[in-house]
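When you get a sec, could you build the whole thing from the sequences and use the hints?
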Amino acid sequence: MDAPALAEASPQARKPAEARMEAKRRSSCVVRRPASPQAHKPPPRQELAARRRAQGPASEIQGRQEGQVDALQAERPRAVGIEAAEEEGRRRMISHVVLFRPKADVSAEERAALIMALTRAVDGIPSIKRANVGRRILLNRAGYETLMAEHYEYSAILDFNSADDLRAYLDHPAHDELGRLLYVTADAVLAYDFEQVPVEELI
1 MDAPALAEAS PQARKPAEAR MEAKRRSSCV VRRPASPQAH KPPPRQELAA
51 RRRAQGPASE IQGRQEGQVD ALQAERPRAV GIEAAEEEGR RRMISHVVLF
101 RPKADVSAEE RAALIMALTR AVDGIPSIKR ANVGRRILLN RAGYETLMAE
151 HYEYSAILDF NSADDLRAYL DHPAHDELGR LLYVTADAVL AYDFEQVPVE
201 ELI
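The opening residue of the sequence shown carries number 1 in my numbering; numbering runs sequentially from there.
It is possible that some hints are incorrect.
As the list claims (entries may be wrong) - Label pairs and their computed distance ranges (CB to CB): (1) Leu-138 with Ile-203: 28 to 36 angstroms; (2) Ile-203 with Ser-107: 40 to 48 angstroms; (3) Arg-141 with Asp-164: 34 to 42 angstroms; (4) Val-106 with Glu-195: 29 to 37 angstroms.
Since the hints were derived computationally from the structure, they do not count as laboratory data. The model shown is predicted, which means the values in this text are computed figures rather than measured ones. For every residue, glycine included, the Cβ atom is placed at its ideal position computed from N, Cα and C.
Pasting the structure below:
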């Protein structure tokens, strides 16, 4: 090939090399952004503490395989719930049971005053956990109701979390007024206090 032909061909021959150099030059100009510090930011101490509490003491977890650790962590909330239920069961509720029969000649005003006093006591004495008032029903069953020596038309059952709560109720001024009106309007009154126990403790 003569010189003019080589001169004309050389620009075409140089194009691949120039293209590679241009690509290399452009790649060297690329600015790489540093990684965001948030990507490697350690979790806050509060989160770590919550994880440790959920996982349980390290002494219980060390030396256990992954499946055993998962089972241990799942068992801990259930154990806490059982302990709370047992503690609740040890606090035996006290029921204050009152049976009363109104006088035959009690006036409407006296009945209204008694009802108001009972309402004030139930609403105003915080140690009362639950209160129920009932009227006796008769089913006319032979050998059932006839065995009851006396008839009491009404009952009032007040529940307390403890004997101390019952004492607080008995010492409250609202109870003093209720008791006074009860004995004024009633022909007969019975009052008993019962501690609720498991059925296994009967007799």
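Hints, verified against the model:
1. Leu-138 with Ile-203: 28 to 36 angstroms: Distance hint for Leu-138, Ile-203 holds at roughly 29 angstroms.
2. Ile-203 with Ser-107: 40 to 48 angstroms: At 45 angstroms between Cβs, range holds.
3. Arg-141 with Asp-164: 34 to 42 angstroms: With Cβ atoms ~40 angstroms apart, the hint holds.
4. Val-106 with Glu-195: 29 to 37 angstroms: Holds, at about 33 angstroms.
The structure meets every hint from the earlier list without exception.
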